[in-house]
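Student: Generate the whole structure from the sequences, applying the supplied hints.
One-letter residues, chain by chain:
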Amino acid sequence: MLQINELHAGVENKDILKGVNLNINPGEVHAIMGPNGSGKSTLSSVIAGNENFEVTKGSIKFLDENISELGPEERAHRGIFLSFQYPVEIPGVSVTNFIKTAINENRKAQELEDMPASEMLKLIKSKADLLEIDRKFLSRSLNEGFSGGEKKRNEIFQMAMLDPKLAILDETDSGLDIDALKIVANGVNKLKNKDNAIIIITHYQRLLDHIVPDFVHVLIDGKIVKSGTKELAYELEAKGYDWIKEELVI
Amino acid sequence: MNLKDKLVSSYLAFDDHLEDESPIHEIRKKAILIFEEKGFPTKREEDWKYTSLKSILNKDYCVFPKGNKEVKFKKVRNYFLYDIDSYKLVFIDGVYSSFLSETTHEGLDVCLLSSALSKSKYKAVIENYYNKAASKNSISALNTAFAREGAYINIPKNKEVEKPIEIINFSTGNESALMIQPRNLIVIGENAHAQIIERHQSLTTNSVFTNSVTEVFAEKRAYLDYYKIQNDKENASLIDNTTIHQEQDSICKVHSFSLGGKLTRNNLNFIQNGEHCESTLKGITILKDKQHVDHNTLVKHNAPNCESHQDYKGLYADSSTGVFNGKVIVEKQAQKINAFQQNNNILIDDNATVNAKPQLEIFADDVKCSHGCTIGQFDKDALFYLRSRGIGLKEAQALLMYAFANTVLESVKIPELKRRVNKLIANKIGVNIGFDI
Chain A
132 MLQINELHAG VENKDILKGV NLNINPGEVH AIMGPNGSGK STLSSVIAGN ENFEVTKGSI
192 KFLDENISEL GPEERAHRGI FLSFQYPVEI PGVSVTNFIK TAINENRKAQ ELEDMPASEM
252 LKLIKSKADL LEIDRKFLSR SLNEGFSGGE KKRNEIFQMA MLDPKLAILD ETDSGLDIDA
312 LKIVANGVNK LKNKDNAIII ITHYQRLLDH IVPDFVHVLI DGKIVKSGTK ELAYELEAKG
372 YDWIKEELVI
Chain B
52 MNLKDKLVSS YLAFDDHLED ESPIHEIRKK AILIFEEKGF PTKREEDWKY TSLKSILNKD
112 YCVFPKGNKE VKFKKVRNYF LYDIDSYKLV FIDGVYSSFL SETTHEGLDV CLLSSALSKS
172 KYKAVIENYY NKAASKNSIS ALNTAFAREG AYINIPKNKE VEKPIEIINF STGNESALMI
232 QPRNLIVIGE NAHAQIIERH QSLTTNSVFT NSVTEVFAEK RAYLDYYKIQ NDKENASLID
292 NTTIHQEQDS ICKVHSFSLG GKLTRNNLNF IQNGEHCEST LKGITILKDK QHVDHNTLVK
352 HNAPNCESHQ DYKGLYADSS TGVFNGKVIV EKQAQKINAF QQNNNILIDD NATVNAKPQL
412 EIFADDVKCS HGCTIGQFDK DALFYLRSRG IGLKEAQALL MYAFANTVLE SVKIPELKRR
472 VNKLIANKIG VNIGFDI
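Residue numbers (my numbering), protein chains in the order written: chain A, 132 to 381; chain B, 52 to 488.
Be aware that one or more of the hints could be misleading.
Unchecked claim - Ranges of calculated distance between the beta carbons of each label pair, as one might list FRET restraints:
#1 B:K469 with A:D373: 57 to 63 angstroms
#2 A:K370 with B:C424: 51 to 57 angstroms
#3 A:K253 with B:Y130: 51 to 57 angstroms
#4 A:S305 with B:C424: 33 to 39 angstroms
#5 A:E263 with B:R128: 44 to 50 angstroms
#6 B:K464 with A:K313: 43 to 49 angstroms
#7 A:S305 with B:L444: 54 to 60 angstroms
Unchecked claim - Far from chain B by the CB rule (all over 10 angstroms, computed), these chain A residues:
#8 K188
#9 H208
#10 E263
#11 A311
#12 H341
Hints were generated in silico from the structure; no laboratory data involved.
From the three backbone atoms N, C-alpha and C, an ideal C-beta is built for every residue, glycine too.
Tutor: Written as structure tokens, this is what we have:
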């Protein structure tokens with residue numbers, strides 16, 4: 132589904148990603164872990180098409196198409212979704228209006244008519260229920276004055292509505308208390324199926340207790356230096372990242 | 052002959068037709084002298100530093116249009132906010148159109164300034180208020196000298212006007228270049244409420260130069276919501292001179308939507324004369340091509356325990372230019388004042404320009420005053436966020452414009468007006484995102 136090959140990317144002549152290789156198949160959950168500043172968020176931004184970063188080398192293929200030159204909205208239309216670490220506040224635009232606009236813009240790209248209002252309402256209701264979001268929340272301005280947990284829950288609500296083929300969850304666990312974490316993880320697990328894939332970007336193994344990864348990759352200094360199964364996450368939790376760095380030196 | 056000389060000599064001819072005894076005649080004579088002495092303002096004057104009238108003064112304007120042209124309702128209905136259920140004062144090329152208007156004298160006066168100036172039953176009100184609020188600068192004086200027609204609105208004590216009042220000035224393009232000088236007098240009596248919508252609309256691309264003066268008096272506990280829609284054709288220019296005098300406990304709000312026209316200058320003055328007044332000045336400006344809008348505001352706090360809120364948002368595309376010149380004066384006796392001023396601008400293109408100049412003159416020592424001014428581009432992170440959800444670049448920009456304009460829009464009390472402004476924003480940048488906020 133997603134093939135990343137020797138990817139180099141950065142900002143203003145500063146390389147952040149220095150040759151990332153990653154291969155993701157439908158139905159898989161991959162976790163990408165690593166210390167601060169290792170390039171985890173850059174990787175997710177670059178996959179989603181953030182133009183603040185420049186790809187200098189390598190390629191990103193999604194469903195056998197090179198997407199490196201596509202704008203973020205075109206990638207979204209193909210089924211890529213990024214749950215932001217820091218969702219942006221948009222005052223004056225309600226959660227409902229925002230998601231309606233997003234759904235219909237995606238449908239427009241697929242040359243479909245707007246979703247009928249009744250169908251939209253039903254969909255919103257079922258996905259809001261899935262994430263235990265109440266109605267009042269949906270009429271609030273997007274992310275404005277939301278707590279950290281509300282922002283993250285809202286991101287996963289958008290994911291549920293847009294039903295992407297590849298979802299990247301960037302630090303979705305940060306800012307969540309244990310109850311909210313369970314609700315979010317439960318929501319993600321229900322959305323998971325054999326045809327879609329999930330990338331979880333995180334510091335800690337905490338979220339991985341609830342959304343179990345098939346593969347764990349360690350990103351250090353812009354490269355994936357170690358890959359393994361979920362046991363690797365426990366090892367990292369117990370021992371930190373230094374032992375991997377030492378291994379690298381040797 | 053330049054426009055100034057033409058106006059001064061036209062006045063002499065006009066003066067011959069006026070009744071000598073009318074007190075208004077004296078006011079006119081004094082006014083034309085002020086204009087004759089000072090002429091049109093130039094960029095050498097501090098208040099006009101960023102706005103040049105040169106490009107509009109070089110036309111050969113018809114100053115006294117015949118105004119016998121009728122306009123079919125069907126042709127102009129879209130310019131009204133309401134088909135029915137509003138009072139309407141409609142002027143075509145500066146002349147009252149009884150056919151399109153809906154006036155009243157039942158419980159309140161919504162009628163013509165020309166009749167108020169000539170009929171004896173309005174004499175006391177005219178003597179009390181006429182030309183008492185208007186600035187004495189040359190451009191207002193020019194209006195005072197020539198003004199014959201406009202809205203006369205007098206809301207008596209305790210009257211809550213149940214319908215909005217629309218004032219619309221159409222120009223038909225009957226003349227290749229037309230100058231009109233509407234004059235409105237509005238008195239909101241003690242504890243009375245009113246909602247007013249004012250619009251200037253050219254029906255062709257012929258040149259129009261409107262120099263309008265509006266005087267508003269809000270008595271004790273009066274409440275006024277005033278909306279100015281400035282979305283005119285590309286060769287229409289407007290100088291709007293509005294002065295609002297507020298007495299104790301009155302609340303007055305002016306929202307200006309400056310979305311079109313060639314050159315628009317808003318001279319908006321609020322004078323607070325009693326305690327516990329609230330003044331709100333808000334504006335949304337969205338310009339493109341070579342359009343120019345200049346917001347020149349003044350809030351004068353003469354009494355203690357009052358508030359003023361200014362919030363102007365501007366979006367500038369192509370080589371459009373904007374000016375925000377906001378002055379707040381707090382007099383020595385005006386303690387415990389809260390005065391806020393906010394002016395935020397987004398430049399969509401590199402050639403667009405904004406000049407912002409906040410001025411605070413504070414002579415009292417126990418006041419809260421603040422002003423903030425920003426000029427920037429669209430937030431890149433916000434654009435990426437919206438686009439990553441499948442929303443195209445233009446649509447994402449439109450959403451951010453809505454969000455940006457929202458602090459102004461949220462206090463608009465007329466849903467239809469809100470809907471239209473939303474639609475205008477979408478039209479401006481050629482997107483259809485199909486929802487109302």
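Student: Can you let me know if the beta-carbon spacing of S305 of chain A and L444 of chain B is within 54 to 60 angstroms?
Tutor: Cβ of S305 of chain A to Cβ of L444 of chain B: about 29 angstroms, so the range 54 to 60 angstroms is violated.
Student: Holds or violated: 51 to 57 angstroms for the Cβ distance of K253 of chain A and Y130 of chain B?
Tutor: 40 angstroms, violated
Student: Lying within 44 to 50 angstroms: is that true of the beta-carbon distance E263 of chain A to R128 of chain B?
Tutor: Holds, at about 49 angstroms.
Student: Tell me if the beta carbons of K469 of chain B and D373 of chain A are separated by a distance inside 57 to 63 angstroms.
Tutor: 58 angstroms, holds
Student: Is the claim that K188 of chain A lies outside the interface with chain B correct, judged by CB distances over 10 angstroms?
Tutor: 22 angstroms, holds
Student: Say whether it holds or is violated: H341 of chain A keeps its Cβ farther than 10 angstroms from all Cβ of chain B.
Tutor: 24 angstroms, holds
Student: So does K464 of chain B sit 43 to 49 angstroms from K313 of chain A, Cβ to Cβ?
Tutor: Taking Cβ atoms as reference, K464 of chain B and K313 of chain A lie about 44 angstroms apart, which means the hint holds.
Student: Is the claim that A311 of chain A lies outside the interface with chain B correct, judged by CB distances over 10 angstroms?
Tutor: For A311 of chain A, whose nearest Cβ neighbour in chain B is about 21 angstroms away, the distance exceeds 10 angstroms, so it holds.
Student: So is H208 of chain A really clear of chain B, every C-beta pair being over 10 angstroms apart?
Tutor: Non-interface label fails for H208 of chain A: nearest chain B Cβ at 6 angstroms, not farther than 10 angstroms.
Student: Falls inside 51 to 57 angstroms, the C-beta gap from K370 of chain A to C424 of chain B?
Tutor: 53 angstroms, holds
Student: Does E263 of chain A really sit off the interface, with its C-beta more than 10 angstroms from all C-beta atoms of chain B?
Tutor: Since the minimum Cβ distance to chain B is about 22 angstroms, E263 of chain A lies beyond 10 angstroms and the statement holds.
Student: Could you say whether the range 33 to 39 angstroms given as a hint is met by the Cβ separation of S305 of chain A and C424 of chain B?
Tutor: With Cβ atoms ~35 angstroms apart, the hint holds.
Hint violations for this structure: numbers 3, 7, 9, all remaining hints satisfied.
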